[in-house]
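Based on the sequences and whatever the hints tell you, model everything.
Protein chains: 2
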Amino acid sequence: MVPQEILAEIEANRQRHVQELSEFLRFPSVSTDSSHAEDVRKTAAWVLTKLEKLGFRTRLYETEGHPVVYGHRFSNPALGTLLIYGHYDVQPPDPWDEWITPPFSPTIRDGFIYARGATDNKGQCLTYFQAMEAILAVRGELPVNVKVLVEGEEEIGSPNLGPFLAKHREELETDVIAISDGSQFASGMPAITYGLRGLCYLQVEVEGPRFDLHSGSFGGLVANPIQVLSQMLARLKNNEGTVAIPGFYDDVRTLEPSEREEMARLPLDEAALKRYLGVEQLVGEADYVSMERKTARPTLDVSGIWGGFSGEGAKTIIPARAGAKVSMRLVPDQRGATINESFRSFVHSLTPAGVRTKVSELHGSDPVLIDRDQEAMRVAAAAIEVGFEKSPVFIREGGSIPIVGMFKDTLGCNSILLLGWGSPDDGAHSPNERFSLDDFQRGIRSAAALMYGLAR
Amino acid sequence: MVPQEILAEIEANRQRHVQELSEFLRFPSVSTDSSHAEDVRKTAAWVLTKLEKLGFRTRLYETEGHPVVYGHRFSNPALGTLLIYGHYDVQPPDPWDEWITPPFSPTIRDGFIYARGATDNKGQCLTYFQAMEAILAVRGELPVNVKVLVEGEEEIGSPNLGPFLAKHREELETDVIAISDGSQFASGMPAITYGLRGLCYLQVEVEGPRFDLHSGSFGGLVANPIQVLSQMLARLKNNEGTVAIPGFYDDVRTLEPSEREEMARLPLDEAALKRYLGVEQLVGEADYVSMERKTARPTLDVSGIWGGFSGEGAKTIIPARAGAKVSMRLVPDQRGATINESFRSFVHSLTPAGVRTKVSELHGSDPVLIDRDQEAMRVAAAAIEVGFEKSPVFIREGGSIPIVGMFKDTLGCNSILLLGWGSPDDGAHSPNERFSLDDFQRGIRSAAALMYGLAR
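From first to last, the protein sequence lines are chains A and W.
FYI, the numbering used here numbers position 193 of the first sequence as 193, with every residue one higher than the one before it.
FYI, the numbering used here numbers position 20 of the second sequence as 20, with every residue one higher than the one before it.
Take these hints with a grain of salt, some might be off.
From chain W, some residues computed to sit far from chain A (all C-beta separations above 10 Å) [unchecked claim]:
#1 9
#2 11
#3 22
#4 58
#5 74
#6 97
#7 100
#8 107
#9 166
#10 388
Coverage of chain A stretches by chain W, computed from C-beta distances (three or more under 8 Å per stretch; other residues unrestricted) [as the list claims (entries may be wrong)]:
#11 221 to 228
#12 322 to 334
#13 348 to 355
#14 397 to 404
What the hints contain is simulated information worked out from the structure, not anything from laboratory work.
Here a beta-carbon is modelled for each residue, glycine too, at the ideal position from N, C-alpha and C.
Dropping the structure here:
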């Protein structure tokens, strides 16, 4: 258990925590914008300095893009090790004119701090540093060995993180990894995410005649690539909304009844969701509730399609080619490589005479399921109870977070804690991004409790 | 029969005919390009002057676009009347750099005159004027009453022709209409076109969520507009290549066995066609030969499709909307209005929960079938035998020529002769458009023979 005096120390420094976050948020560390490259570097230096003040041995690792800040503070080889991951880069603030106060002039209103990066990820990342600061102020020593890795390219897809992890595998060896880059399930309902869907993103192209043909002169003679593509896409799903690719469900692990009950209990206001989305009906697999369908069941969606004439008015052609992008979300124990192969075979089996098809794999990651029945999970849940004064719910996310798979696969670590301190309506990636100062403080408390919990 | 001395007069003026055509072709009368508006007007004036020299009473009718040249020369109220239609405007010459000699500097090579408009339609239109010139030179009188209508907007879809015909219905009243704006079936194989397919061109739009959604966060919950659209488009055709819209074939007139035999005899080199199109197999209704499929059977083709993300790489979304353009070619006795309604009903019946669909009619024309068993057809065939020294084949065209329907419906004339003097490889609409000087001369002879034939 985290000593009460440390929680008291955290409470006593509440104002200073906010001032420090405000300082961190002033850097316009927009990783995707090369005109901000110098700002990004200054932000990395700020993080480095912060770690040094906490007695960390630090190093700024250069990559082909923005640098990685790394540091460690070893207490005792007999204790376990915690690796904390965060990122110091932020999304672009556009559209600027929708911000009530400027994105890089942090402003406090109604108990929230408003700025780009407030929740994603500067605020959440800083909680760990401030927890350590309080621990060190009271005890002079951390209860676990801590490694910190803060990258500057998360918002552009972490292109250099995989190679970095592979190169520094030994240096990064750890027992537990903590990542606070998501959110609670809902405001006031803290959560631990233990499942992430994987992704197969493919492109299908259908080629027919060498050039667009006059639909009058040639209509009735040749296979139409858009028609063929439509028939293929239609065949990818059954009428009940299941995916029709042979073997698609072969490796899907059956959901435990207990897990299904848990998901059914999670609040999901379908009426509000329909209003928000502007649809009259939610559509999906009949045998599963919405929460299962959006997080724990595999899906297939066409993300884009093109072919022929799409301008105004009429152009009477048979197009030479057409194409589509397909996004499939995978769940344990599906593997991207297997699904890609099944997709490819199915498309080829559906290719009729008179056209050629091409399938390209554009992007992908395997699904992740983190064992809930492990000590680190219990510790994290207890830490959240300390910080938020509520037990967390355990949830799966419908999206994919490729860095989690990288950590899991490259470092061989299965104790990855995905702990979101923010709220889903904090507006990550949107104008007027914010972070509740209460959640910020709760996060700091939870982070301190986590370190003590892991020390046992 | 056309008197031999008239054919001799035509032969004697061969050189002058070419010079006159060359003069006509020098005008860059590109109707779609407003910077050529003055050139278009000068071309109209040239045609007007030509008709005046032939003793026509002429008038330049202003429209909302380019003017219509009209003229008539009445010989004898007891004789029949022939209305000749042509157009003095041309397609843009782009791409310029593919022309061996400049498009508006007519050049003779190997028995062809090369220029934009050579075959489409200045050369073919001029044959009638030169035939009349020869007749008048020899006899001083035409054997029929002749009306001439030469418009300047054919290449931009004749937007003002319909209203013009409606307004001048009485003035344009006629027994027979001759249009030489197509080609022979193949070089050396003259043809009379008696059938044109109609067109229904519609747009289908499918709307789902209010905005593009993250396919991870929402995949499994909502209907995907591209997926829905694909399923609809797939359902529009059966596996055997027939159209699946209920009632689509109800009004299709059965092809006469004699007509089917005739079509089967028309030469169509499928191997050459496949090489030209770059496809390994021609695809269409199994029960019909290619010539029937491309001209006498109704078809459905998707001409364009769009939705979601079509850029490079991966964007994992469920799109808010998707759309497609559908081109259906109709045959007698299908009616566009009926087919549009069937299409609309079918799309609505296929609309699943969770999306909204919208169908818009963009363009259309009814199919045309001209009675082959009429005197004007026999006269035209005999005239072609005089001009080309070969009997014509009777063919249907797969495309639609909206002006033919306009003439038929507005003027109530069922004797429309579609007589192409040029060759399919003359390159109408392409660089290096040309017209064979022999075909030009054959056209003049045929036009003269036609007038004498109609005089009987």
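key: Verdict on residue 388(W) as a residue remote from chain A, using beta-carbon distances over 10 Å   = holds, 23 Å
request  = Hey, is residue 11(W) genuinely clear of chain A, shortest beta carbon separation above 10 Å?
outcome  = holds, 35 Å
query = Is the nearest CB of chain A more than 10 Å from the CB of residue 22(W)?
reply = holds, 30 Å
ask   = Looking at residue 74(W) again, its CB stays over 10 Å from all of chain A?
value = holds, 37 Å
ask   = Hey, does residue 58(W) actually stay past 10 Å from chain A on C-beta?
value = holds, 34 Å
ask   = Should the label of residue 100(W) as a non-interface residue stand, given a Cβ cut-off of 10 Å to chain A?
value = For residue 100(W), whose nearest Cβ neighbour in chain A is about 21 Å away, the distance exceeds 10 Å, so it holds.
task = Given that the segment 322 to 334 of chain A was listed as covered by chain W, double-check it with a C-beta distance under 8 Å for 3 or more residues.
result = Coverage by chain W holds for the segment 322 to 334 of chain A (6 residues, Cβ < 8 Å).
inquiry  = When I compare C-beta atoms, does the segment 397 to 404 of chain A have three or more residues closer than 8 Å to chain W?
reply    = Three-residue rule met by the segment 397 to 404 of chain A, so holds; n is 4.
message = Verify this label for me: residue 107(W) is non-interface relative to chain A, using a Cβ-Cβ cutoff of 10 Å.
response = The claim holds: residue 107(W) sits with its nearest Cβ about 27 Å from chain A, beyond 10 Å.
query = Is the Cβ of residue 166(W) farther than 10 Å from every Cβ of chain A?
reply = holds, 23 Å
inquiry  = Is the coverage entry for the segment 348 to 355 of chain A by chain W consistent with the three-residue Cβ rule at 8 Å?
reply    = holds (count 4)
task = Compute the least Cβ-Cβ separation between residue 9(W) and chain A, then decide whether it is above 10 Å.
result = The claim stands: residue 9(W) keeps its Cβ more than 10 Å from every Cβ of chain A (closest is about 38 Å).
In summary, the structure agrees with every hint in the numbered list given earlier.
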